[in-house]
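Required output: the full structure, derived from the provided sequences and hints.
Quick note, the sequences are listed as chains A and L, same order. Per the working numbering, residue 1 is the first one in the first sequence, and the count goes up by one each step. Per the working numbering, residue 1 is the first one in the second sequence, and the count goes up by one each step.
Just so you know, the hints here were simulated from the structure itself, not pulled from any lab data. Heads up, a few of these hints could be off.
You can't tell identical chains apart in this list, so a pair holds if it fits in one copy or across any two.
Stated by the list, open to error - The list that follows gives simulated cross-link-like pairs (lysine-lysine, BS3-like), each with its CA atoms no further than 25 Å apart:
| hint | residue 1 | residue 2 |
| --- | --- | --- |
| 1 | 139 | 122 |
| 2 | 7 | 55 |
| 3 | 66 | 7 |
| 4 | 139 | 7 |
| 5 | 122 | 55 |
| 6 | 66 | 139 |
| 7 | 122 | 50 |
| 8 | 139 | 50 |
| 9 | 139 | 55 |
| 10 | 122 | 7 |
| 11 | 66 | 50 |
| 12 | 66 | 55 |
What you are looking at is a predicted structure, and each value in this text was computed from that prediction instead of being measured.
Number of protein chains: 2
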Amino acid sequence: MTGFDLKDGVTRLAADYANAWNSSDMDAMTALYTDDVHWVNIVGMHWRGKAEVDKAHRIFFDIMFKGVPLALEEIESIAALPGGAAVAVIRWSVGAFTTPAGVRVPPSRDRMTLVLVRENGKLLIKHGANIQIDELAQKSDPVTASGSSGP
Amino acid sequence: MTGFDLKDGVTRLAADYANAWNSSDMDAMTALYTDDVHWVNIVGMHWRGKAEVDKAHRIFFDIMFKGVPLALEEIESIAALPGGAAVAVIRWSVGAFTTPAGVRVPPSRDRMTLVLVRENGKLLIKHGANIQIDELAQKSDPVTASGSSGP
Numbered sequence: 001m002t003g004f005d006l007k008d009g010v011t012r013l014a015a016d017y018a019n020a021w022n023s024s025d026m027d028a029m030t031a032l033y034t035d036d037v038h039w040v041n042i043v044g045m046h047w048r049g050k051a052e053v054d055k056a057h058r059i060f061f062d063i064m065f066k067g068v069p070l071a072l073e074e075i076e077s078i079a080a081l082p083g084g085a086a087v088a089v090i091r092w093s094v095g096a097f098t099t100p101a102g103v104r105v106p107p108s109r110d111r112m113t114l115v116l117v118r119e120n121g122k123l124l125i126k127h128g129a130n131i132q133i134d135e136l137a138q139k140s141d142p143v144t145a146s147g148s149s150g151p
Numbered sequence: 001m002t003g004f005d006l007k008d009g010v011t012r013l014a015a016d017y018a019n020a021w022n023s024s025d026m027d028a029m030t031a032l033y034t035d036d037v038h039w040v041n042i043v044g045m046h047w048r049g050k051a052e053v054d055k056a057h058r059i060f061f062d063i064m065f066k067g068v069p070l071a072l073e074e075i076e077s078i079a080a081l082p083g084g085a086a087v088a089v090i091r092w093s094v095g096a097f098t099t100p101a102g103v104r105v106p107p108s109r110d111r112m113t114l115v116l117v118r119e120n121g122k123l124l125i126k127h128g129a130n131i132q133i134d135e136l137a138q139k140s141d142p143v144t145a146s147g148s149s150g151p
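Rendered as structure tokens:
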């Protein structure tokens, strides 16, 4: 897979993921996973295998995410791995939602690490690790903050 | 690389990481990275390449992490990727620390996703995505909570 193909594949995957999310279509979302997918969500739950990842997402869409908009902000990075695999970081904006514990989460952004492998010519999600961006903490980023001219 | 070798390699990597952390030895930590490593930390900062990841860690150890103990709880999963690469989830316990914004973080646990590639017969970190476990939220895990007999 050439660099161009890889970028194209990740772009398509991100679009498919956003479409599945925004239509609460768990069949479409699950079709993006390998059978042995693992997922670590923003609060650190770790699900192992397609059955667990699918079950968790279906329940969370029922009680928390249905109708909550997800929008692609940027595919921040794509690094090729051996054998046509890749690891990408995708930044999303997410609408407000209420957690099962009753905590209202205002609109937020996530940085999602996706490990992607190629099956039947298509990139599938082998691993997801999704991190909610702490916007206040970004001001203390030693790399980006030092070059900032802002307050 | 066989399954056994992979487990051995990840176990060794985790031990090397913990040793580097606990001795605040950034040279040893940086030696575990590929040149093109990316890192997304627990608050969603995204660093690209060894120079950035190293710089950020040196500054954060100076102001926040030096003397904060890190202990391996469990290598939760290791999934083989093509070409001898792998993606692992490692659960750590971390001592209390104070953020640059002055927030005191009590002892906590992280689930760290590591994408590892083989260079010169050794596993190196190509990508890290570290998620702080929200302990309260674990009670709402649709996968583990449903099978729990606890309160």
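Looking at the structure, which of the earlier hints fail to hold? 1, 2, 3, 4
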